[in-house]
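Asker: So the sequence lines, in the order shown, correspond to chains A, B, C and D.
Under this note's numbering, the first residue of the first sequence carries the number 892, and numbering increases by one thereafter.
Under this note's numbering, the first residue of the second sequence carries the number 892, and numbering increases by one thereafter.
Under this note's numbering, the first residue of the third sequence carries the number 109, and numbering increases by one thereafter.
Under this note's numbering, the first residue of the fourth sequence carries the number 109, and numbering increases by one thereafter.
The set of hints was computed from the structure by calculation and includes no laboratory data.
Be careful, since some hints might not be right.
[What the hints assert, rightly or not] The list that follows gives simulated cross-link-like pairs (lysine-lysine, DSSO-like), each with its CA atoms no further than 30 Å apart: (1) A/Lys960 <-> D/Lys188; (2) C/Lys188 <-> B/Lys1037; (3) A/Lys1037 <-> D/Lys188; (4) A/Lys1037 <-> A/Lys960; (5) A/Lys1010 <-> A/Lys960; (6) B/Lys960 <-> B/Lys1037; (7) C/Lys188 <-> B/Lys1010.
[As the list claims (entries may be wrong)] Here are some of the chain D residues that sit facing chain B, going by a computed Cβ distance under 7 Å: (8) Gly227; (9) Ala228; (10) Asn280; (11) Val308; (12) Val309; (13) Gly312; (14) Pro316; (15) Glu317; (16) Ile319; (17) Pro322; (18) Leu324; (19) Ala328.
Quick caveat: nothing in here was measured; it's all calculated off a predicted structure.
Beta carbons are placed, not taken as given, at the ideal position from N, Cα and C, and that holds for glycine.
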Amino acid sequence: MDLPNRIAARVVPHIPHGAVVNLGIGIPTLVADHLPEHAAHLQTENGLLGVGPTPGPGEVDPDLVHAGKQPVTARPGASYFASSASFGMIRGGHVEVAVLGALQIDARGRIANWAIPGKPVLGVGGAMDLLVGARTVIVATTHTAKDGAAKILEECTFPLTARRSVDVVVTEAATFRVDDDGLELVDLAEGVTLDWVRTHTAAPFRVAASLTAPV
Amino acid sequence: MDLPNRIAARVVPHIPHGAVVNLGIGIPTLVADHLPEHAAHLQTENGLLGVGPTPGPGEVDPDLVHAGKQPVTARPGASYFASSASFGMIRGGHVEVAVLGALQIDARGRIANWAIPGKPVLGVGGAMDLLVGARTVIVATTHTAKDGAAKILEECTFPLTARRSVDVVVTEAATFRVDDDGLELVDLAEGVTLDWVRTHTAAPFRVAASLTAPV
Amino acid sequence: MTAPVTPTRPLVRGVAEALAPVRDGATLMVGGFGLVGAPLRLIEGLLATTTATDLTIISNNLGEPGRGLGMLLLEGRVRKAVGSFFTSNPDVVAAYQAGDLEIDLLPQGTLAEAIRAGGAGIGGFYTRTGWGTALGEGREERVIRGEPHVYHESLRADVALVRARRADELGNLVYSKTARNFNPDMATAADLVIAEVDEVVPVGALDPEEIVTPHLFVDAVVLSGRA
Amino acid sequence: MTAPVTPTRPLVRGVAEALAPVRDGATLMVGGFGLVGAPLRLIEGLLATTTATDLTIISNNLGEPGRGLGMLLLEGRVRKAVGSFFTSNPDVVAAYQAGDLEIDLLPQGTLAEAIRAGGAGIGGFYTRTGWGTALGEGREERVIRGEPHVYHESLRADVALVRARRADELGNLVYSKTARNFNPDMATAADLVIAEVDEVVPVGALDPEEIVTPHLFVDAVVLSGRA
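Pulled out of the complex, with its shape left as it was, chain A reads as follows (with noise of 0.2 Å):
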């Protein structure tokens, strides 16, 4: 499995059976493929509840898009309806999950993915709305950004999404969850040592007592 893949698998078992879920673009997006059939019903804020998997090459309906613009299905107990319904259930507490990308998140877990200094600031999307309105957010992202520095700090340099905290961060090497209190590493995927963790990670974090145990 490729690394936004990896991500992506690791992501599932923090959905809950059934849940209205909303994927961001990107990674989360991938979480799709790896949700087992039937385990929740994912919103796209362009207007449908009840997307499905990806049309085969002769079945694409260029009306029939996510907001990544890419081709879906609709399952059985679909319905459309128009983008101000459509955020009205995500402003509106309707939504239980987002999964959302970030290019950096801080020690008290808010997060930034839309904007990035010195270069003109010329889309956001739903990615505010999402942030604000949706009950449990959880983030999907690489540890590191391609260069290798820390997306986790102290404090974000990239605009906040929101002054809300995400509940949990997923990364390809570790599981934080987030409380008033900041980031507890929950989980370390395998192979993977609490001092890489800690070396790939600018902001402080607590480590949950399941993973200091003697082994």
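Chain A is already provided as a structure; the job is to place chains B, C and D on it using the hints.
Answerer: Coordinates of chains B, C and D only, in the frame set by chain A:
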């Protein structure tokens, strides 16, 4: 024809062919019976565009009523919608004509039709929204109250329904147009004299040239 | 199309089971325009299967004398009513005058908009309706594009009781004609949403273009007994 | 059911005739999420049959390079864009950096809500989205039920160009799947609303429960040529 129907019939010439029209409860509702077939699209604020005639005794559908809660039918091309959407149409200026009843009308053409001083104020319905939102508002009312008192007054003594002036006032005796200078008498019903109207109207009004020309 | 997502628990409940979470002092939204589109079986169930009292009811009307929400009023279960037209039920006028009932009167469009806003995560909004009238008094004013508006906060409830024609097994809802009215708005604006329907159809039986209330809004479905 | 109300004038127009009222400096809402549900024939018509320029475009995106609204941009017709996601078209970034294009960036939900509010006669509203971020800076704040919100005024346009699947002869509209997106909201929020459809059906052919945009919003219908 009884008095309410005589008033309703006098409203018809003021409704453009093909207009979207909301008819208030009471005399305004009767306007539907006097509109030429197909002349207007009737909107009712409980969620229907395309109100048709009253159903026959065996054809009543308890789920199909107008804002006065009486059974109606739906014309071909009708549509149903939620209350928030219905008032979106009304407030948003998408209803061309509202015909409303009135308890009092002032010299500027502002109306009171929802509350009486000294009685508990427990009902307003859609009156304020219609008066604010409809592009043209026509009042259909008896010229005087049941006790013979004038309803068209210098100032309303009952609470106003909105600060907005109506456009036309139609009674069994007279029709007034309203502009920035107040009321202008533009029509007298057959057999009604200017003197009668002056006696039964407690607000100043101008008389249109067409009515004062020598006969 | 692939198979539907299996519901995690049965959506269709008995009246008593569905209403069990209603607490004393709760705020309830109840659909309907008069009795048209009112969830009458659920309202009867509130009386017959719960002791919930001291309720705040958000509904366009309070039923008719001894019918619909009018029953709830006569049983002394209602502390406060938020709506637009109560004068069609003389019992409401009497209860108000006796000091037994608090009333918050809103223009009908403002009521509908406040419910829709509550469901859509909008905190409050400005409308021209009511400005310069007795119902606008004491409200914050704001001139927008040259026109005066008044401020209203959005409305939310603990429980919404709504009436629909048909549900599928996921809880997607479609309505019947003007019985739609406040129901779809209220179905978005409460922590617990219970829908009374005539009929439950299999998943996939409703046209995805035609569904008015997507299932994510609906927590429980009760049969009206009028299929 | 009785006979339908006869339309007072033909609703279906040619592209040039429908677009003739578009003036220099006009504000246009244009439906679509990227190119999905975008009224491509009307956009092409703006270029081919009008000289309208100095336009303000309210749309989620500005098309793709040389496609949809992207064409309008390359022809120098667009002065300002109001939307939520422009980075997918590098031409937009270039025009902005060259100082040729003004941009007003809104969160997508705020954009949709502002359009819906404009159509529904709501002057402005408060949302939590964007509070405490760069996009919330300088906006009026208000704490509602303990949560900070920011204020947004509603949006209106002179003309809306929307894409639907099907119209009836009165102008009632139904949409196709996720090509619905911003189109029904925009159809409510402009002085002149032109719908591009694949097909026009007789009055009565659409189910009244299924109509998404009632005809009172629609001023003209143009055929997409893709029936």
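Asker: Each hint needs a verdict: does it hold in this structure or not?
Answerer: Here's how the hints hold up against the structure:
Simply put, A/Lys960 and D/Lys188 have alpha-carbon atoms about 24 Å apart, close enough for the 30 Å limit, and the pair holds. Our distance criterion of 30 Å between C-alpha atoms is broken by C/Lys188 and B/Lys1037, whose separation comes to about 35 Å. In summary, the hint linking A/Lys1037 to D/Lys188 is not supported, as the alpha carbons are separated by about 35 Å, beyond the 30 Å threshold. Between A/Lys1037 and A/Lys960, the direct Cα distance comes to roughly 25 Å. Compliance with the 30 Å bound is thereby established for this hinted pair.
Taking the CA atoms of A/Lys1010 and A/Lys960, the gap is about 24 Å. The hint holds against a cut of 30 Å. Restraint check for B/Lys960 and B/Lys1037: the C-alpha separation of about 25 Å stays at or below 30 Å, so the hint holds. At roughly 19 Å between alpha-carbon atoms, C/Lys188 and B/Lys1010 fall within 30 Å of each other, so this suggested pair holds. Contact between D/Gly227 and chain B, as hinted, is supported at the beta carbon level, the nearest pair being about 5 Å apart and thus within 7 Å.
With its C-beta approaching chain B no nearer than about 3 Å, D/Ala228 sits inside the 7 Å limit, and its interface hint holds. For D/Asn280, the shortest C-beta to C-beta distance to chain B is roughly 6 Å, which falls under 7 Å, so the interface hint holds. Look at D/Val308: its Cβ only gets to about 13 Å from chain B, farther than 7 Å, so that hint breaks. Contact between D/Val309 and chain B, as hinted, is not supported at the beta carbon level, the nearest pair being about 11 Å apart and thus beyond 7 Å.
Taking 7 Å as the C-beta contact cut-off toward chain B, the hint placing D/Gly312 at the interface holds, the least distance being around 3 Å. A cut of 7 Å between beta carbons decides the hint on D/Pro316: the least distance to chain B is about 5 Å, and the hint holds. For D/Glu317, the suggested interface contact is upheld, since its CB lies about 6 Å from the closest CB of chain B, less than 7 Å. Look at D/Ile319: its Cβ gets to within about 4 Å of chain B, closer than 7 Å, so that hint holds up.
Residue-level restraint check for D/Pro322 holds (minimum Cβ-Cβ distance to chain B is 4 Å; threshold 7 Å). With 7 Å as the threshold, the beta carbon of D/Leu324 comes within range of chain B, its nearest partner Cβ sitting at about 5 Å, so the hint holds. Look at D/Ala328: its Cβ only gets to about 14 Å from chain B, farther than 7 Å, so that hint breaks.
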